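All chains, full assembly: derive it from the sequences and hints.
For the protein sequence lines, the chains are A and B, in the order given. In terms of full-length UniProt numbering, the first sequence has 142 at position 142, counting the first letter as 1, and numbering is strictly consecutive. In terms of full-length UniProt numbering, the second sequence has 24 at position 24, counting the first letter as 1, and numbering is strictly consecutive.
Hints in this document: simulated from the structure, not taken from any laboratory. Just so it is clear, the structure is predicted and the values come from calculations on it, not from any experiment. Where is the CB? At the ideal position from N, CA and C, for every residue including glycine. Hints are supplied without guarantee of correctness; some may be wrong.
[What the hints assert, rightly or not] Partial pick of chain A residues on the chain B-facing surface, computed with a CB cut under 10 Å: (1) T237; (2) G240; (3) K291; (4) I293; (5) Q295; (6) A299.
[To be verified] Take a look, some chain B residues computed to stay more than 12 Å from chain A by CB distance: (7) R143; (8) R193; (9) Q298.
Residue-level listing of the chains:
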Amino acid sequence: MAEFTAAVYQNEFLPDGGTDVNAIVTVTCAGAGTAGQSGGGAAGEIIIVDTSGSMGPQTMAAAKQAAQAALAEILDGTWFAVIAGSDRAMLAYPQVSSGPGLVAMDARTREEARAAIGRFVGSGGTAIGTWLDLAGTLFASVPGVTQKHAILLTDGENREQPGALDAAIRRATGMFQCDCRGAGTDWQVEEVRRISQALLGTVDIIPEPSQMQAQFEEMMRSSMARGVSDAQLRVWTPQGAQVLFVRQVAPTVEDLTDRRVVVNPLTGAYPTGAWADESRDYHVAVRVAAKAIGQEQLAARVQVALGDNVAAQALVKATWSNNSELTTRIDQQVAHYTGQTELASMIQEGLAAKAAGDAATATTKLGRAVQLAAETGNDEATSKLRKVVDIDDEKEGTVRLKAAVQKADEMALDTASTKTTRIKK
Amino acid sequence: MTQTPAPTPGPTPGPGAQTCPACASAMPAGTLFCENCGASLGTPAPVDPSARPVSLQGAMPADGPSPIDEAAPISAATRPVPASVPGSVAATVPGPVPCRSCGASVGPDGYCEQCGTKAPSERDHFREAPADWVAGVCDRGIRHTRNEDAMALLASPVAGERALLLVLDGVSNTDDSHIASLAGARAARDVLRTPMPRGLGTPVARLAAVTKVFSDAVVAANQAVVASTPEGSVNPPSATFVCVVVEGGTLSFANVGDSRAYWLPDGAPGVQLSVDDSVAQQMIASGIPRAQAETSPQAHAITKWLGRDAGDITPRVGELEVVGPGWVLVCSDGLWNYASEPEALQEQIRLSGARDPATLALALTDFANAQGGIDNITTTLARVVAPQEETHG
Chain A
1 MAEFTAAVYQ NEFLPDGGTD VNAIVTVTCA GAGTAGQSGG GAAGEIIIVD TSGSMGPQTM
61 AAAKQAAQAA LAEILDGTWF AVIAGSDRAM LAYPQVSSGP GLVAMDARTR EEARAAIGRF
121 VGSGGTAIGT WLDLAGTLFA SVPGVTQKHA ILLTDGENRE QPGALDAAIR RATGMFQCDC
181 RGAGTDWQVE EVRRISQALL GTVDIIPEPS QMQAQFEEMM RSSMARGVSD AQLRVWTPQG
241 AQVLFVRQVA PTVEDLTDRR VVVNPLTGAY PTGAWADESR DYHVAVRVAA KAIGQEQLAA
301 RVQVALGDNV AAQALVKATW SNNSELTTRI DQQVAHYTGQ TELASMIQEG LAAKAAGDAA
361 TATTKLGRAV QLAAETGNDE ATSKLRKVVD IDDEKEGTVR LKAAVQKADE MALDTASTKT
421 TRIKK
Chain B
1 MTQTPAPTPG PTPGPGAQTC PACASAMPAG TLFCENCGAS LGTPAPVDPS ARPVSLQGAM
61 PADGPSPIDE AAPISAATRP VPASVPGSVA ATVPGPVPCR SCGASVGPDG YCEQCGTKAP
121 SERDHFREAP ADWVAGVCDR GIRHTRNEDA MALLASPVAG ERALLLVLDG VSNTDDSHIA
181 SLAGARAARD VLRTPMPRGL GTPVARLAAV TKVFSDAVVA ANQAVVASTP EGSVNPPSAT
241 FVCVVVEGGT LSFANVGDSR AYWLPDGAPG VQLSVDDSVA QQMIASGIPR AQAETSPQAH
301 AITKWLGRDA GDITPRVGEL EVVGPGWVLV CSDGLWNYAS EPEALQEQIR LSGARDPATL
361 ALALTDFANA QGGIDNITTT LARVVAPQEE THG
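Here it is, written out as structure tokens:
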């Protein structure tokens, strides 16, 4: 049985008249078990592979191999399907046209699915929205499947009518989780990230076909290790208080603020998806009415809920003090993650400005990113930034845009922008 | 917590309607919450030392390894609230009690489910009433984050027979002084359980015998305070001491530091029994007016105290034979800061309209909180109706 714990890091002391309370809540899950085995319902996996005409022979061969390798990681008993995606979605396996669209994994179905993947041929365009819709239909066709996860590979830009993809993302949101990978450099990071963020998954670039298999295996293994099918982060705030934001800040930055679902007038629930044995950090900011010096009150109860059961709770407090030594301190964790969140947006905004030809803005934003990466000890970000800018002064954030940049390096910087590091010693 | 409840008589048992302290609506007897405004009508939970301790720290892991992986050694996790104060009215939240701020229910984590206000722990606010003529309130006040005052009371059931009022004010900014003061108060009370010695007949001999008893009580309190000192403390807890023993019309009193004892007769001038061991008192002794001395920057520096770093702990001891009805008040500076002169206290008593000690103690505490509650407030009272002739019998 999975066990959750929650711990709070904050400076609870507010100055006279202070209203804003910031806290980092670390949620840790232990004993998660494996997907579909914890009695909470069965697990379902769908592998979605881009089979559009743009997939070159080498990429297609690698994609087939990678999808087959992912099949090998799916545990027996897991419900699964394979979708071949082009300008429409094809159910490659199981080959049914009605009834349940998922089958239970065993030696036979694994072999049949392998063979079906082996017959993929590249042709047609790219309509990712239709792929997501078919995945949703398939998951819904087997009612016992409660933990739903897909992996999606694409190599190109979506070619649907404007708005079609977003509509499909909305339909899929809350229904299944999806990890997304882009092969090569002809796909749009921003577009695919919209999918992965809404569907509580990851996004990354696979620049070389040779790296594909390892990435697919890794994604599927991670998914199979998630024995807790669905957990919510619940945030209670006192009457009259306002939740300023709720963000996951580790292992990646994901703003959850707008995903609040009302539990009761004082409590909102935020989706966190499935959990393995892992720990995630959340930054919760709450605005409360100021009280008199010396008063203490609860600013938030942050809970992990599995269904209606509260598995762990952490308390975020506010105490008003006239001791400026206490009130001026910023909690180290809060400061660290505030920096990491700004780092993510500086990278994304800097790259967007660069793509739009605004070199001045790009230089400023990426310079600030370099500075923040150094301050917060995010070495991965620093090394990825180095491939896009020449750094004159890390501390000051003085940089120059590199004259020639590999597209793949720029995309790798973009996809990794939301990855955070934890605080260093 | 520091929300001072409207000055309502605490326990008002008995049949008949009650009045909402917040909106003054009349409610039938037994109603727990006002049906008009939702405020709590319940009397505050009685002090029950056996109340089940409820951890205030929620699901936060108290000890043990940080739940964050080892790569993250982190700012310190928010310090868990100690679940209990050893050997004391524990820092507990008694069962389901209504929030003192909004009347909604208090969660098992010690905070209101509706407005988030922290429910006062019993250490932050407790009341004692050992007999219907003796009562006390010990309150955190508003500005301080914990209640470092302590009190201990004794009373015989027969009004006026024998009572003990004892207050220790734990010095702020010393380690665990809230634990030390309570331990000290209880240790001293145990010494003073038996009647005062009568001595060998002469007033001088009697005073000497009483002085010996008070000195023993102070030593016991001091030992308890020292014993409460955390190991390796560079800032050991310290406390004041003030005590009045009422035996018929005889008031025996002793003090160390600046907590005070007063005799406040009805309709006659009152008197401060104790003499502060403080810089302010030294200034008064040198001719500076009281009002000026007591508001000077050093006014609250005490010159004598109990604790590991204490010097001389000999109490000032005295006795007074009193006549007629009046109040014995033993209090900490959290009260007398706002009414130092006996006349000022008598005025507050008159304004409160209270006739029983429990109501009056609460009213005086509310008065101090309404004035700002800058320090912990302890108010203990005995109603003395001294017999006219018998005291020398």
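Status of the hints after comparison with the structure:
1. T237: 8 Å, holds
2. G240: Where the cut-off is 10 Å and the nearest Cβ of chain B is about 8 Å from G240(A), the hint holds.
3. K291: 9 Å, holds
4. I293: Holds, about 6 Å.
5. Q295: 6 Å, holds
6. A299: 7 Å, holds
7. R143: 4 Å, violated
8. R193: 36 Å, holds
9. Q298: For Q298(B), whose nearest Cβ neighbour in chain A is about 20 Å away, the distance exceeds 12 Å, so it holds.
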